[in-house]
Structures are given as C-alpha cells and as structure tokens.
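J.: Protein sequence lines correspond, in order, to chains A and B. The first sequence begins at 0 in numbering that gives the first Met the number 0 and counts up by one. The second sequence begins at 0 in numbering that gives the first Met the number 0 and counts up by one.
If you are wondering where the hints come from, they were derived from the structure by calculation, not from laboratory data. Please read all numbers here as calculations on a predicted model, not as lab measurements. Worth double-checking, as some hints may not be accurate.
[As the list claims (entries may be wrong)] For each label pair, taking beta carbons as the anchor points, the in silico distance ranges come out as: (1) B:166 - A:206: 52 to 62 Å; (2) B:126 - A:37: 37 to 47 Å; (3) A:135 - B:54: 46 to 56 Å; (4) A:37 - B:17: 18 to 28 Å; (5) A:90 - B:123: 19 to 29 Å; (6) A:90 - B:272: 50 to 60 Å; (7) B:112 - A:37: 52 to 62 Å.
[Claimed, not checked] Stretches of chain B that chain A covers, calculated by requiring three or more beta carbons in the stretch to come under 8 Å of a beta carbon on chain A: (8) 72-84; (9) 242-256.
[Unchecked claim] 27 Å max Cα-Cα, derived BS3-like pairs, lysine-lysine: (10) B:92 - B:121; (11) B:287 - A:87; (12) B:121 - B:110; (13) B:92 - A:87; (14) B:263 - A:166; (15) B:127 - B:110; (16) B:287 - B:263; (17) B:140 - B:110; (18) A:87 - B:127; (19) B:224 - B:20; (20) A:166 - B:92; (21) B:127 - B:140; (22) B:287 - B:224.
Quick reminder that beta carbons are idealized off the backbone N, C-alpha and C, glycines included.
Here's the letter readout for the chains.
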Amino acid sequence: MSMHYQWVAFQTIVVKEIRRFVRIWPQTLLPPAITMTLYFVIFGNLIGSRIGDMGGFDYMQFIVPGLVMMSVIQNSYGNVVSSFYSTKFQRSIEEMLVSPMSSTTILLGYVAGGVARGICVGLIVTLLSLFFTELQVQHVLVTILVVVLTAVLFSIGGFINAMFANKFDDVAIIPTFVLTPLTYLGGVFYSIDLLPEFWRTVSLFNPVVYMVNTFRYGLLGVSDVDVLGSLAAIILFTGGLFAVALWMLNRGVGIRQ
Amino acid sequence: MSALVLRDVRKIYGNGVEALKGISLDVQAGEFFALLGPNGAGKSTSIGIISSLVNKTAGSVEIFGHDLDRDRVAAKRRVGVVPQEFNFNQFEKVFDILVTQAGFYGIPAIKARQRAEFYLRKLGLWEKRESQSRMLSGGMKRRLMIARALVHDPDLLILDEPTAGVDIELRRSMWDFLTELNQQGKTIILTTHYLEEAESLCRRIAIIDRGRIVENTDMKSLLEKLHIETFVLDLAAPLDVAPQIEGLVLRLRDQRTLEVEVPKTRALNDLFAALASQGISVLSMRNKSNRLEELFLRLVERNLDTGGAA
Numbered sequence: 000m001s002m003h004y005q006w007v008a009f010q011t012i013v014v015k016e017i018r019r020f021v022r023i024w025p026q027t028l029l030p031p032a033i034t035m036t037l038y039f040v041i042f043g044n045l046i047g048s049r050i051g052d053m054g055g056f057d058y059m060q061f062i063v064p065g066l067v068m069m070s071v072i073q074n075s076y077g078n079v080v081s082s083f084y085s086t087k088f089q090r091s092i093e094e095m096l097v098s099p100m101s102s103t104t105i106l107l108g109y110v111a112g113g114v115a116r117g118i119c120v121g122l123i124v125t126l127l128s129l130f131f132t133e134l135q136v137q138h139v140l141v142t143i144l145v146v147v148l149t150a151v152l153f154s155i156g157g158f159i160n161a162m163f164a165n166k167f168d169d170v171a172i173i174p175t176f177v178l179t180p181l182t183y184l185g186g187v188f189y190s191i192d193l194l195p196e197f198w199r200t201v202s203l204f205n206p207v208v209y210m211v212n213t214f215r216y217g218l219l220g221v222s223d224v225d226v227l228g229s230l231a232a233i234i235l236f237t238g239g240l241f242a243v244a245l246w247m248l249n250r251g252v253g254i255r256q
Numbered sequence: 000m001s002a003l004v005l006r007d008v009r010k011i012y013g014n015g016v017e018a019l020k021g022i023s024l025d026v027q028a029g030e031f032f033a034l035l036g037p038n039g040a041g042k043s044t045s046i047g048i049i050s051s052l053v054n055k056t057a058g059s060v061e062i063f064g065h066d067l068d069r070d071r072v073a074a075k076r077r078v079g080v081v082p083q084e085f086n087f088n089q090f091e092k093v094f095d096i097l098v099t100q101a102g103f104y105g106i107p108a109i110k111a112r113q114r115a116e117f118y119l120r121k122l123g124l125w126e127k128r129e130s131q132s133r134m135l136s137g138g139m140k141r142r143l144m145i146a147r148a149l150v151h152d153p154d155l156l157i158l159d160e161p162t163a164g165v166d167i168e169l170r171r172s173m174w175d176f177l178t179e180l181n182q183q184g185k186t187i188i189l190t191t192h193y194l195e196e197a198e199s200l201c202r203r204i205a206i207i208d209r210g211r212i213v214e215n216t217d218m219k220s221l222l223e224k225l226h227i228e229t230f231v232l233d234l235a236a237p238l239d240v241a242p243q244i245e246g247l248v249l250r251l252r253d254q255r256t257l258e259v260e261v262p263k264t265r266a267l268n269d270l271f272a273a274l275a276s277q278g279i280s281v282l283s284m285r286n287k288s289n290r291l292e293e294l295f296l297r298l299v300e301r302n303l304d305t306g307g308a309a
C-alpha cells in the first residue's frame, strides 16, 4: 500500500474518531466544560480571592493553565481508551485488522483522534476561563508544543490501556487510580515551591508537574521546573511509549489470538 | 492461477488446543469453493488466519501469489471477509460503515461514497443508509456485512456462514447474488451449515474435521462417492410390517411412512415394481436428507472412527 493509501486510511480513522466524539458531545465535550466552570467559580473566584497571589499571579490566573492541561490530559487519554476498547468490545476492530492498513497508521490515527479531542476540550476550557480572568500568551510556540505533545503522550497511554483492557472496568482503573492523583498532585492548584523539601522532591517524579509547568510558562512566563528539560523529557517519553504501543499492535497483544 | 494456497498451516491456541493440524488447500481463481466441517472443526480458525485475525503457529498462506507474511499489504487488498458474527460498530450509520471501510483500504472519500451507494442499492439497503446499524434486522445486518466486504472490490470473497439465521426468501436472493459475483470473476469461499447451499452453489469442496482436511475434491466426484441414498415414501394405505425386498433395507417409520436404503447401482424402477407386486401404493417420495449431508456425516463419522488420523 503506497504512502497515499496509508494517508487516506489515516484520514479515515481521524474523521471517524472526530465524528464519534462530536456525535456524543453531551458525554465528551459538555462535562469538562461544566466541571471546569465549577472549578473556576469555586476555586478561582470564591476560594481564590481569599488565597491571594500564587507564583506572582492572582490565584485564578495561576490555576487556569493547570486546569486547561488537566482537561487535555483527561480527554486525550479518555477518548482513545474508550474508543479503541469499544472497537475491541464490538469486534469492529476486525474491520481494521483485515485491511491493509499498517499498524503505524492505526496507531497514528487513534492518537490524532485523541489529540483532536484533547485540544478541542482545551480550547473550550480556555475560552470559558476568559469569562473569569485575562490571559496573555507569553510564549506561543512553547504553549502549542507542550499541549500537542501532552495530548499525544496521553493518547498513546490510552491506546496501550485499551489494548490491555478485557472489560470496561479496566478502562476506568488507570484514569481513576493513576491519572487523577497525578494530575491533582501535579501542581495544578499550587506551586510545588510551597511544598516542604521532601514533598517537592517527590513531586519532581510526577511527569504531570513538568507538563503543567511548561504550559504555565507558555501562558504566564513562569515555571517551577526547567522548561527545555521538560520538553525534552516529554518528547523522549512520548517516543518510548509510541514504540511500545506499536510493538504491541504488531504482535496483536489483546487483539489477535 | 491460485487464488488461495495454504501450506501446512497449523494453529495452537494459548490454551494448548491444536485447532489446525497442518492443513493444505489450493483454491483456483474464479472457483466457488465450499469449506465444510462440524462445529469446532477449524473452519473459523482457517478463515481467521487467511483474513489476518488469527496468528498462525506455522505454515504459509498465499493470496493470488502474495505471501501473507512477506507481502501482507498486496495480499490483504485482494480479500474481502464476511464473518460469522456481526462485527460492525452498532452506533454508526449504515452508509458511514461502508465509507469508512473503503477508507481503510485507501479508497478516497468521493469514490468510497459512490461504491457505498452502489453496494447498498445492490443489497437493498439504500433506504436504511442513515439508520444506525443496530436498528437493522438480522437479515439486513448480514447483507450489510456482505456490502462492507465488497466495497474495496476484492478478488477473493470469503463468507463464514453467510446465510445463518436468514429466512428462505432472503437466502435464495443471497445465493443468486453470490452466483452473480462468481460469474463476474470473483473467487468465493464459503463455509456453511446448510449443505444444500454448498451443493447448489459450489463446484469444489473441502471437508475439515478436527483440524485436518479429510476431503478435498470437486462436488461431482464427491457425490459419486455416495453409494447409498435413503428415500422416504408416503404410502396410500397403512402397513403393520415393513415389506421385504431382496437387496434393499426397508423400515417403517410409522404405518404410512416407509424408509428405503437404495444402492446407487440399483434402479428405482425395481423398488416400485416390487412394492406394486406386494399391493403397496406410493403417494410421494423424497430424499431422507440432502445427498451432501449424508456423505458429510459418513466422512465425519469415518474420521471419528480413525481418531482424526485421516
């Protein structure tokens, strides 16, 4: 199959994925909009006004990048894990497995679908935040780069999760017991500089800290961590996970007998 | 040219079950081929391997000369598969399912939509194009799977029990459609439990049992192997005891129904003459079972007796 055909097949998956999350928008686009608006109202307005400054910014401005990033992480992961597991569950995955599409095309297609939803929700949350605070992007390139890379990374994570999943419970375990704690403890609501030395060191092992802070650097120009180092680590980790997912897909782990 | 060549294909599942014990098969281009076997014989595993849904343990598969391991893309483009169980997204629209499947084969959107329309019209599903697939009846879902398998215009069409659970009228129309496809040059491989279906459609046949091919020949030669046919006769008047006729086995099912085993070498006229001489009138006659069914059962039973060592 020539590159052109693979490109058509890739586009087909992306269109299918976007069509899916748009079709079920009350489950995919609306909930994060409502949840994040509540965060803005409660944490930003009501509690934030009593907290005062955080990292040199008012509390609302400080938490916006973290909440946007939290939405991107949860939605890119959630889109791929639920969509790909659903194709396994309904056996419609066989439509792809019998076709001449390469494993790389399948993986890239699903990742692109996850990135599309992650960014779409990220944009919705960003637009909603403008009702509560002013935002000025300090470093456009870093902002775009870190959002896209994070969405790619967690989309691949969702894909791997879906490949291992044998029942719907398996789809919820990682987001509930791994992603949520990592995100809440990832510097979304506070600067890790506020933590005692021990917990600050522990936080540095949390990859979400780097993503949130790099994004915060892109928007506000401040970060608790080294931005270039963070970007390099995210790229490295993304490449590693991509290789793992591709290997699993080629071997047919969880999808071929 | 061979449309499909299997060479010593083996499959051992993770649980240790050896589903295929080294099967070899050669299906010529343009053939209408039946793969028969009892449940658990290895039919679906064979189809799974040919369609890349199951990893084989050993052996090789060639599709129109393209090795499925070394030339995977070229091989897969030539095959369309209609699986036994429904395997499409239940929430997608009928039209989208076909367009998406065409896209997976690299067919651009405009052409994909044209082909989707063609096959949906051909299979009587055009009116349902905007319906979610889960809303279709069982027969419509089966036709949708056939349309989906054809949308990339494959040269080899494999159908795993395509008419299971389909009413007689629809089954007949599907037979006509498959015959038309075969006449247009498509190679068709069919597995079915309806042996009448295999007998009326297929020119060649392979019987698989317990992971081995126990017969692989043309339909005519196979049916010639059937030495005895059993007929059921409806009698004009009741009988208490089955009549005796030399060289034939007769038994009463009930007072008005007589079963007769007739060797192929014996003329049926002899039977009727003998019955008439004993004052027995026959109102109607039919085969006890489909001829192929009778042969199939004998072959499978024989394989059972030899412990599958055929």
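J.: Are the hints correct? Go through all of them and say.
T.: Hint check results:
{"no.": "1", "hint": "B:166 - A:206: 52 to 62 Å", "verdict": "holds, 58 Å"}
{"no.": "2", "hint": "B:126 - A:37: 37 to 47 Å", "verdict": "holds, 46 Å"}
{"no.": "3", "hint": "A:135 - B:54: 46 to 56 Å", "verdict": "holds, 54 Å"}
{"no.": "4", "hint": "A:37 - B:17: 18 to 28 Å", "verdict": "violated, 58 Å"}
{"no.": "5", "hint": "A:90 - B:123: 19 to 29 Å", "verdict": "holds, 24 Å"}
{"no.": "6", "hint": "A:90 - B:272: 50 to 60 Å", "verdict": "holds, 59 Å"}
{"no.": "7", "hint": "B:112 - A:37: 52 to 62 Å", "verdict": "violated, 43 Å"}
{"no.": "8", "hint": "72-84", "verdict": "holds (count 8)"}
{"no.": "9", "hint": "242-256", "verdict": "violated (count 0)"}
{"no.": "10", "hint": "B:92 - B:121", "verdict": "holds, 18 Å"}
{"no.": "11", "hint": "B:287 - A:87", "verdict": "violated, 44 Å"}
{"no.": "12", "hint": "B:121 - B:110", "verdict": "holds, 16 Å"}
{"no.": "13", "hint": "B:92 - A:87", "verdict": "holds, 18 Å"}
{"no.": "14", "hint": "B:263 - A:166", "verdict": "violated, 57 Å"}
{"no.": "15", "hint": "B:127 - B:110", "verdict": "holds, 20 Å"}
{"no.": "16", "hint": "B:287 - B:263", "verdict": "holds, 15 Å"}
{"no.": "17", "hint": "B:140 - B:110", "verdict": "holds, 23 Å"}
{"no.": "18", "hint": "A:87 - B:127", "verdict": "holds, 25 Å"}
{"no.": "19", "hint": "B:224 - B:20", "verdict": "holds, 25 Å"}
{"no.": "20", "hint": "A:166 - B:92", "verdict": "holds, 25 Å"}
{"no.": "21", "hint": "B:127 - B:140", "verdict": "holds, 11 Å"}
{"no.": "22", "hint": "B:287 - B:224", "verdict": "holds, 17 Å"}
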